[in-house]
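Each chain, written out:
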Amino acid sequence: KNEVEQSPQNLTAQEGEFITINCSYSVGISALHWLQQHPGGGIVSLFMLSSGKKKHGRLIATINIQEKHSSLHITASHPRDSAVYICAVLEYGNKLVFGAGTILRVKS
Amino acid sequence: DAGVTQSPTHLIKTRGQHVTLRCSPISGHKSVSWYQQVLGQGPQFIFQYYEKEERGRGNFPDRFSARQFPNYSSELNVNALLLGDSALYLCASSLALGSTYGYTFGSGTRLTVV
Chain S
1 KNEVEQSPQN
11 LTAQEGEFIT
21 INCSYSVGIS
31 ALHWLQQHPG
41 GGIVSLFMLS
51 SGKKKHGRLI
61 ATINIQEKHS
71 SLHITASHPR
81 DSAVYICAVL
91 EYGNKLVFGA
101 GTILRVKS
Chain A
1 DAGVTQSPTH
11 LIKTRGQHVT
21 LRCSPISGHK
31 SVSWYQQVLG
41 QGPQFIFQYY
51 EKEERGRGNF
61 PDRFSARQFP
71 NYSSELNVNA
81 LLLGDSALYL
91 CASSLALGST
101 YGYTFGSGTR
111 LTVV
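Line by line, the protein sequences are chains S and A. Throughout the first sequence, residue numbering follows this note's numbering, covering 1 to 108 in sequence. Throughout the second sequence, residue numbering follows this note's numbering, covering 1 to 114 in sequence.
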């Protein structure tokens, strides 16, 4: 079993829909990152969380440390949100462990 | 202010050869980490350096090595290349170690081994 599990693996949405991507982890962590990767490979850091909830524009990230679970929400989705979304946890010892990613496609 | 820069962007090597990948962190960032991303998978941690010392190593063979220079730039070296080493190699920098500091990623070096 992977230390970081994401669901769904693939997600197709219609423009304007509310999107949720989930991340569960099995190890103790000091922080959790949500990352966005576009074709070509570049990774952009969206959020770093250690507790609670963060919001940036149409993106919201939440984390429940007790349940070892985090969610990334996208409100009013747009085709430009199409990308791979990756959850990564920072283990004690400064090692980043990544999920396999969720491929999101938003259709207009 | 420049972001994390990696060079080269693309590279084709033959099995058995050696490769050196380079990473320049954001100015002021003292920690650099390296990741391997095979097509269709999430990145895998290879190394982390802070203040020129290795502070973490992933589950990779000894063919993989790295170092960090006094200006905090870093090199990743891979010897005796195998076809399975074909991947996107990502570098990330952060101010220091610990959960307080976020990571900034470079655009990666795409290595193809033929």
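Read the hints as simulated data drawn from the structure, not as lab findings. Ideal Cβ placement from N, Cα and C applies to all residues, glycine included. A few of these clues could be false.
[What the hints assert, rightly or not] DSS-like cross-link-like pairs, simulated, lysine-lysine; straight-line CA separation at most 27 angstroms:
no., chain 1, residue 1, chain 2, residue 2
1, A, K52, S, K95
2, S, K53, S, K68
3, S, K95, S, K53
4, S, K95, A, K30
5, A, K30, A, K52
6, S, K68, S, K54
[Said to hold, decoys possible] What follows is a set of in silico ranges between Cβ atoms, one per label pair, in the way DEER data are often shown:
no., chain 1, residue 1, chain 2, residue 2, range
7, S, K95, A, G16, 36 to 42 angstroms
8, A, R67, S, I65, 32 to 38 angstroms
9, S, P79, A, A96, 33 to 39 angstroms
10, A, G40, S, T20, 18 to 24 angstroms
11, S, K95, A, I12, 26 to 32 angstroms
12, S, S30, A, R67, 36 to 42 angstroms
How the hints compare with the structure:
no.	hint	result
1	K52(A) / K95(S)	17 angstroms, holds
2	K53(S) / K68(S)	14 angstroms, holds
3	K95(S) / K53(S)	23 angstroms, holds
4	K95(S) / K30(A)	16 angstroms, holds
5	K30(A) / K52(A)	8 angstroms, holds
6	K68(S) / K54(S)	17 angstroms, holds
7	K95(S) / G16(A): 36 to 42 angstroms	30 angstroms, violated
8	R67(A) / I65(S): 32 to 38 angstroms	36 angstroms, holds
9	P79(S) / A96(A): 33 to 39 angstroms	38 angstroms, holds
10	G40(A) / T20(S): 18 to 24 angstroms	23 angstroms, holds
11	K95(S) / I12(A): 26 to 32 angstroms	30 angstroms, holds
12	S30(S) / R67(A): 36 to 42 angstroms	26 angstroms, violated
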